[in-house]
Amino acid sequence: METKVAKKKLGLKDRYKLLTRDLGWEPSYHTKDEVFPYVKYEGIKIHDWEKWEDPFRLTMDAYWKYQAEKERKFYAIIDAHTQNNGHLNLTDARYLSALKLFLQAISPGEYAAGKGFARVGREFGGVGTQVACQMQALDEIRHAQTQIHAMSNYNRYYNGFHSFADQRDRMWYTSVPRSFFDDAMSAGPFEFMIAIGFSFEYVLTNLLFVPFMSGAAYNGDMATVTFGFSAQSDEARHMTLGLECIKFMLEQDPANTPIVQAWIDKWFWRGFRVLGLVSAMMDYMLPKRVMSWREAWNIYGVENGGALFTDLARYGIRIPKHWDDAEKAVDHMSHQFMLALYQWNFGTCFHTWIPPEPDMEWLSSKYPNTFDKYYRPRWEHLKKLAKEGKPFKNFGLAKLCQTCQLPIIFTEPDDPTMSCHREVDYKGNKYHFCSDGCQHIFENEPEKYVQAWLPMPALFQEPLKGDLGAWMNWTSLIDGKDNGDYVGSQDERNFQQWRGLATTNT
Amino acid sequence: MPVAALKEYIGVPRDSVDKFLGQQLVYVSRDHHLLFASAFLTCVPPQMKFREFVEGPLKTLIQPDPDAEKVDWTKVQWLKSNQPWQPQFNLSLKENGIEHKDQIRFQTPGLNTLSAA
Chain G
1064 METKVAKKKL GLKDRYKLLT RDLGWEPSYH TKDEVFPYVK YEGIKIHDWE
1114 KWEDPFRLTM DAYWKYQAEK ERKFYAIIDA HTQNNGHLNL TDARYLSALK
1164 LFLQAISPGE YAAGKGFARV GREFGGVGTQ VACQMQALDE IRHAQTQIHA
1214 MSNYNRYYNG FHSFADQRDR MWYTSVPRSF FDDAMSAGPF EFMIAIGFSF
1264 EYVLTNLLFV PFMSGAAYNG DMATVTFGFS AQSDEARHMT LGLECIKFML
1314 EQDPANTPIV QAWIDKWFWR GFRVLGLVSA MMDYMLPKRV MSWREAWNIY
1364 GVENGGALFT DLARYGIRIP KHWDDAEKAV DHMSHQFMLA LYQWNFGTCF
1414 HTWIPPEPDM EWLSSKYPNT FDKYYRPRWE HLKKLAKEGK PFKNFGLAKL
1464 CQTCQLPIIF TEPDDPTMSC HREVDYKGNK YHFCSDGCQH IFENEPEKYV
1514 QAWLPMPALF QEPLKGDLGA WMNWTSLIDG KDNGDYVGSQ DERNFQQWRG
1564 LATTNT
Chain P
33 MPVAALKEYI GVPRDSVDKF LGQQLVYVSR DHHLLFASAF LTCVPPQMKF
83 REFVEGPLKT LIQPDPDAEK VDWTKVQWLK SNQPWQPQFN LSLKENGIEH
133 KDQIRFQTPG LNTLSAA
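Chains as they are written, first to last, in this note's numbering: chain G, 1064 to 1569; chain P, 33 to 149.
A few of these clues could be false.
Using 30 Å as the maximum straight-line C-alpha spacing, the simulated DSSO-like pairs for lysine-lysine come out as follows [claimed, not checked]:
hint	chain 1	residue 1	chain 2	residue 2
1	P	K126	G	K1493
2	G	K1108	P	K39
3	P	K91	G	K1528
4	G	K1493	P	K51
5	P	K39	G	K1310
6	G	K1490	P	K81
7	G	K1103	G	K1114
8	P	K102	G	K1453
9	G	K1493	P	K91
10	G	K1450	P	K102
11	G	K1108	G	K1080
12	G	K1310	G	K1178
13	G	K1384	P	K39
14	G	K1450	G	K1351
15	P	K39	G	K1095
16	P	K51	G	K1456
17	G	K1446	G	K1436
18	P	K91	G	K1447
19	G	K1429	G	K1391
20	G	K1453	P	K91
21	P	K102	G	K1436
22	G	K1391	P	K112
23	G	K1450	P	K91
24	G	K1490	P	K51
25	P	K107	G	K1493
26	P	K107	G	K1456
27	P	K107	G	K1436
28	G	K1528	P	K51
29	P	K102	G	K1446
30	P	K107	P	K81
31	P	K102	G	K1447
32	G	K1384	G	K1103
33	G	K1493	P	K39
34	G	K1178	P	K39
35	G	K1103	P	K39
36	G	K1429	G	K1384
37	G	K1490	P	K39
38	P	K91	G	K1446
39	P	K112	G	K1456
40	G	K1456	P	K81
Since the hints were derived computationally from the structure, they do not count as laboratory data.
Given these sequences and hints, build the entire structure.
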């Protein structure tokens, strides 16, 4: 009788070797430079790709298993959310503005990151790096998908969720994150890793996800909390990849340090500008707030970021160049953003509002040095105009920054009463910037940024020729439903009516 | 290096003046008046007289500010590209040297109702 011999199981080490490092080979009928044409032009010197450490040692077979398990859990909760009328459990429908902004501006960024990692996974020379990038590419696509699915339930009941893909391409405020990712994707593979893998995923991600997911939990949005949890273990892997990549570059050759530092300077500032949108979400759009933007910055920016740069000091890396300007902006930016979004709310695919008095008091307590002095008088004046039946709409539109593409709503770092004006002449054309940080980024690579598609100037070109109605059709913004003040909106009416049906007899 | 690239790379600006159908962009803002979140973007013909620019788009746009009516336009201090500058009201934008995407600023000292001192 034959005895059945148990199949020999591979140990973790062997499995990792076979499914990762062993997948590479030495090309014989093409040179390595031909196979990997983009690894040298940025000036980064790599002597030994084998020195790449993969701290997770995750192999593709295990990856599929883990991710499938997470997907099953995620969709079970999303189904329950839908069946139990989860859209009525929100603290207030004002909260939805934060979600709409997230869906239009951030989720497409996840997808863009997926494309970017797929590309750099192909372009890097080492197998360990290639496999890690492949997994992150898949993660990012999954994140975009789960976010879109999680929010799709709200689309059945509320305005502003219906055309996020058009808005991703055409909306003036989404050109900010889009240009951020386009900038990274049109850079070389190493700069991409510093841009997305390090600056965004490592230095800044907690400022986006932690407050956002806690905000969702505080405001009864189980769908968003669920995708947050589902993404969390991936994020840990992404942060490690980002950090591993920067250490690898710095350890391979000392000549890499100044190049890496310049990228850190650039991408810290670009990321900080994109996250400005989060500051307005945290301080103004969450009906029940978790912490102020200032408090989040102190924890995730100053403490965590500070510790990180202390750690990197041994490689000769210092804190990003415009860190001090960022610190000075933190007590102002959420107010500057929300005032701007309010006065241009005929052109936003979400609602804004004048903060009710209790919110103003909260803002004044969280920003004791800035809110009452600089921003409350503006809100009070806007309140007066609204009361007189002349709510302020700023049809002057805005001067946009050539680099970050945000409206130039920021003030001088040392004078909050004075707008920041920066301009550069390049080849006979004028270009404007919101800050020294953005101006320096332009000056380092002007041929890249002169091509920026700036949505507000574009409105006055063919084919829109300044026609605001045509612009709304083009961006799929439904005037009178998706845009304008929350007070008096269909979202407000519906939420109150449905909530009323659930809690009263009339 | 004007851009990090494998070979020579020339960018083509997306908002050069030829794309504005005979008009041009002019940015205008009033210092220390931040009810308006950003400088205004105006798209106007270069033949427009500076006076028409002030009486038309500019006065309309600054109207929501409580200091709008109090501006004495004969005493306003002007800047172009952040340098002191004196426009001629009866000349056109072009004759005043206002190019595509120029930023004009004006100051009205003493008027600061909504601005912290």
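Going through the hints against the structure:
no. : hint                 : result
1   : P:K126 with G:K1493  : 16 Å, holds
2   : G:K1108 with P:K39   : 19 Å, holds
3   : P:K91 with G:K1528   : 23 Å, holds
4   : G:K1493 with P:K51   : 15 Å, holds
5   : P:K39 with G:K1310   : 29 Å, holds
6   : G:K1490 with P:K81   : 27 Å, holds
7   : G:K1103 with G:K1114 : 18 Å, holds
8   : P:K102 with G:K1453  : 20 Å, holds
9   : G:K1493 with P:K91   : 25 Å, holds
10  : G:K1450 with P:K102  : 23 Å, holds
11  : G:K1108 with G:K1080 : 25 Å, holds
12  : G:K1310 with G:K1178 : 24 Å, holds
13  : G:K1384 with P:K39   : 29 Å, holds
14  : G:K1450 with G:K1351 : 26 Å, holds
15  : P:K39 with G:K1095   : 19 Å, holds
16  : P:K51 with G:K1456   : 27 Å, holds
17  : G:K1446 with G:K1436 : 17 Å, holds
18  : P:K91 with G:K1447   : 20 Å, holds
19  : G:K1429 with G:K1391 : 15 Å, holds
20  : G:K1453 with P:K91   : 17 Å, holds
21  : P:K102 with G:K1436  : 23 Å, holds
22  : G:K1391 with P:K112  : 27 Å, holds
23  : G:K1450 with P:K91   : 23 Å, holds
24  : G:K1490 with P:K51   : 17 Å, holds
25  : P:K107 with G:K1493  : 28 Å, holds
26  : P:K107 with G:K1456  : 28 Å, holds
27  : P:K107 with G:K1436  : 28 Å, holds
28  : G:K1528 with P:K51   : 10 Å, holds
29  : P:K102 with G:K1446  : 21 Å, holds
30  : P:K107 with P:K81    : 19 Å, holds
31  : P:K102 with G:K1447  : 19 Å, holds
32  : G:K1384 with G:K1103 : 25 Å, holds
33  : G:K1493 with P:K39   : 26 Å, holds
34  : G:K1178 with P:K39   : 24 Å, holds
35  : G:K1103 with P:K39   : 13 Å, holds
36  : G:K1429 with G:K1384 : 27 Å, holds
37  : G:K1490 with P:K39   : 20 Å, holds
38  : P:K91 with G:K1446   : 22 Å, holds
39  : P:K112 with G:K1456  : 26 Å, holds
40  : G:K1456 with P:K81   : 26 Å, holds
In summary, this structure violates none of the numbered hints.
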